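Peer 1: Model the placement of chain B on the given structure of chain A, informed by the hints.
Going line by line, the protein sequences match chains A and B. Be aware that the first sequence starts at -11, since it is given in the working numbering, and climbs by one per residue. Be aware that the second sequence starts at -11, since it is given in the working numbering, and climbs by one per residue.
In short, the hints are calculated from the structure, not lab data. Source: prediction; values computed, not measured. Check each hint, because a few of them may be wrong.
Since the list can't tell identical chains apart, any single copy or any two copies may satisfy a pair.
Straight-line Cα separation of at most 35 Å, DSBU-like style, residue types lysine-lysine; simulated pairs [said to hold, decoys possible]:
1. -4 to 47
2. 160 to 86
3. 483 to 124
4. 47 to 93
2 protein chains.
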Amino acid sequence: MSDKTAEKYRKLVSTIRDIADIHQAAGLLGWDQQTHMPPKGNDARSRQMAVLAGLAHEKHCDPALGEMLDELYEHPELTDEQRALVRETKRDRDRSVKLPLDLVKELTETAGRAHVVWVDSRKNDDFSAFAPLLGKLVDLKRQEARAIGFEEGGVPYDALLDTYEPGATVQKLDPVISYARDQSVMATQAIGGSSRRPKVEILKKNYPAAQQEAIGYRIIKQMGYDLQAGRLDEAAHPFTSSFDPCDVRITTRYSINWLPSSLFGTIHEAGHALYEQGLPVEHAGTPLGDSLSLGYHESQSRFWENQVGRSRAFWSYFYPELQKLFPENLGSVSLDDFHFAINTVEPSLIRVEADEVTYNLHVVVRYEIEKALFAGDVEVEDLPALWNQKMKDYLGVEPQCNADGVLQDIHWSLGSFGYFPTYLLGNLYAAQWTHAMQKELGDIKNLIENGEFAPIKKWLNENIHRHGRRYTTDELAVRVSGETLNPVYFADYLKERFQELYDVTW
Amino acid sequence: MSDKTAEKYRKLVSTIRDIADIHQAAGLLGWDQQTHMPPKGNDARSRQMAVLAGLAHEKHCDPALGEMLDELYEHPELTDEQRALVRETKRDRDRSVKLPLDLVKELTETAGRAHVVWVDSRKNDDFSAFAPLLGKLVDLKRQEARAIGFEEGGVPYDALLDTYEPGATVQKLDPVISYARDQSVMATQAIGGSSRRPKVEILKKNYPAAQQEAIGYRIIKQMGYDLQAGRLDEAAHPFTSSFDPCDVRITTRYSINWLPSSLFGTIHEAGHALYEQGLPVEHAGTPLGDSLSLGYHESQSRFWENQVGRSRAFWSYFYPELQKLFPENLGSVSLDDFHFAINTVEPSLIRVEADEVTYNLHVVVRYEIEKALFAGDVEVEDLPALWNQKMKDYLGVEPQCNADGVLQDIHWSLGSFGYFPTYLLGNLYAAQWTHAMQKELGDIKNLIENGEFAPIKKWLNENIHRHGRRYTTDELAVRVSGETLNPVYFADYLKERFQELYDVTW
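In isolation and in its complexed conformation, chain A is listed as follows (with noise of 0.2 Å):
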């Protein structure tokens, strides 16, 4: 490479670190916002955020980053992976561009103050005093997908879609997700009526906080979760937060009468956070050291929480672990009443307290408003009465309460929508990539029987996490598994979990 070029790609570099820098300590803002702050310090710290918001997107728009860009796109000296870095960080900053100062200003901003609203009107189960932080918004994302723009032959939401999902779009999505709804429907059905049904109630005992959380200290670190790049808090709505691979940081929430929501929050967000721990740490800053998806990310946190912590060979490796720290709830509890119980398919209310089978319908709610808001079908006082149809229309069940039903989620009052969908594909992409997987290292059930689970933290490692965003997600998707996405996988996957443990077939 000539000195020139190497030099231009050097100073490329520095300033898109730089700037990632503003995201992370942005970052490390909200983190503290949702496990530490106090009450009347939001205010304050929705503007410090707003203020980084807007730096970091200045940056980023600086006409001397675009001509960098420009010169060094597809630039012949330099290597497939530096290529890949200008592309990634090219298709960023051409989003950015598109959006004015003042919106992401005005949107940060919102967001900051329709978070801390939201929690009390969850709280208080009133939407109305939500709904117009909301309607403003959803009118601010509509203009930010106008201002991104879209694919000849797609619709706005498409443009907040490929925000989470690079390539993303309606169109690739549909045929996807009704193939997926079709098979939770009928598994949903059949399981419906099977006349097998777990001892849900031995989960429901007195589970003391403190012992809920010895077993997730010690099953994250089992998973080999670097305690020492990283710690667990308790926050609401659980969550992971990156601001460097040497520093990623998780939550849960410990609910006493209900031990899976700490047990399968933790091992979910380690799974996040094994993947932001693998990121390489030499490209830290730039799209080389940036997770690919919000699908991948979550294929990493379902692969995790799913395929191997609701396997009945983890639970053969921790479970007298389990049962020693519970020993009056669970001593006299056999594995397998544990192990269905943990799998227990019963549609109900809340996403995150659902089971696998369910789980896609409750994106696909949230996936069919969101195409509504956005293509301007219906508005935000709509919200209620139509959530509660669907979830009616898909699940059998209805909310008596927005807090059990529009209300339920962060994301909303946080701006993010477009998300949704990222869950949904990650159970896909996790059953997809445990078949891959297993073509290398045998039926994964012989190691996590005996808690060995280095082979596949290294193996995601090394098909996965240290690609960064090199390739494109259907690129990577073939590079693991030979294949574009493809949810028979997932559909393959729910029938050998659960046809056995119902006694049912569909």
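Peer 2: Positioned in the frame of chain A, the structure of chain B alone reads:
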């Protein structure tokens, strides 16, 4: 005011508020670094803080801001308050523009790394591990002092003093500090000759952290610290961080076998926090909403810690509660014995654990070393020996290891040279304010012994806090007490409190 001037002023305020938000965001990163950050996160954190510091500096030095300030400086259409905002903003910026961006970035990054190394080197009592980074910091601060400059007839160290105590110079401080030193030496010697000795061992029993925390919360709430706009955490070296008057956080440390550490540490930090919470929120992010100086800040913490917190009146109110929390340790200890014990005077090695009489001597050691360092008379490798010699000279005690000597304080690891003298100024001002306060409120022990802190807090709010940086340190001292800094009040206070306890005179 003309529309044009009003618009210029509005724009100025908006600009400096954005800069303040960047500083506050960086402040949160620093708070997190010392309270919650996982150890491996430090490199990224240092980098992120350096980027934010660089950004704030860049915005601060923007020539457009300089033009705004020049146009508005002493503008006849502005109110006195507005003129003060312009004057102080200009003062800050004039300092900033003298600092090259590279130096600012290097200082922040070096300090971030040095801090972590210092933690380990103190733990391992290994000065040589810290020395290279300390040397680099001194070198960078020498560059900073040269870049900022100082008044004719002054010395480079003045430039650093002025960072923390606007207007302070060696020439102004030397007589005050030598008077205070002589008073402390006299008092220490007189007390050393007394036959009275407090029963200090009652404070060295087993005091579990949970109960220490309980009494800490009890006291700071009664002082009026708003926990809806603040929080209390643990940190190796207690400090107060403010990100807005509505988000002011304190930290403390619990020493299981030394009760005074958390007890007075918590009161001390809460005193700082009351100042920050008392700043006018409508001026947040501007000099009118900023604390005046570190000397003034310390006067608030020391006032609450010592004038109030170590008084007999304070414990005649709180001691029964403390006895209930620690019945085995204190149940049969009289109030007088407890009060005498917490006012023990004993030359010792550690500044933060020092009593009121000898405390200033610890500051004198550091002040004289810093003066010598920045005069170029000594170098970093000379510090351990020099430190130990001065401790012997002034306090009659000598550290057996550097962890108890030159490595004990966090300040140098953060590049904070010129900071220590403000502790001494705080002690002097605290006594001066008490004298002034009592002219209005009468003997405050009558309020304290009834737990009536509200009038005291209100007096401080109205006489000191609400003014922010509207007046200079000398001007505000005159408004508050009728005169500029006068060390006689502190000398009188020492006599009043300790001559009776130890039955001596000096």
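Peer 1: Which numbered hints are broken by the structure, listed smallest first?
Peer 2: 3
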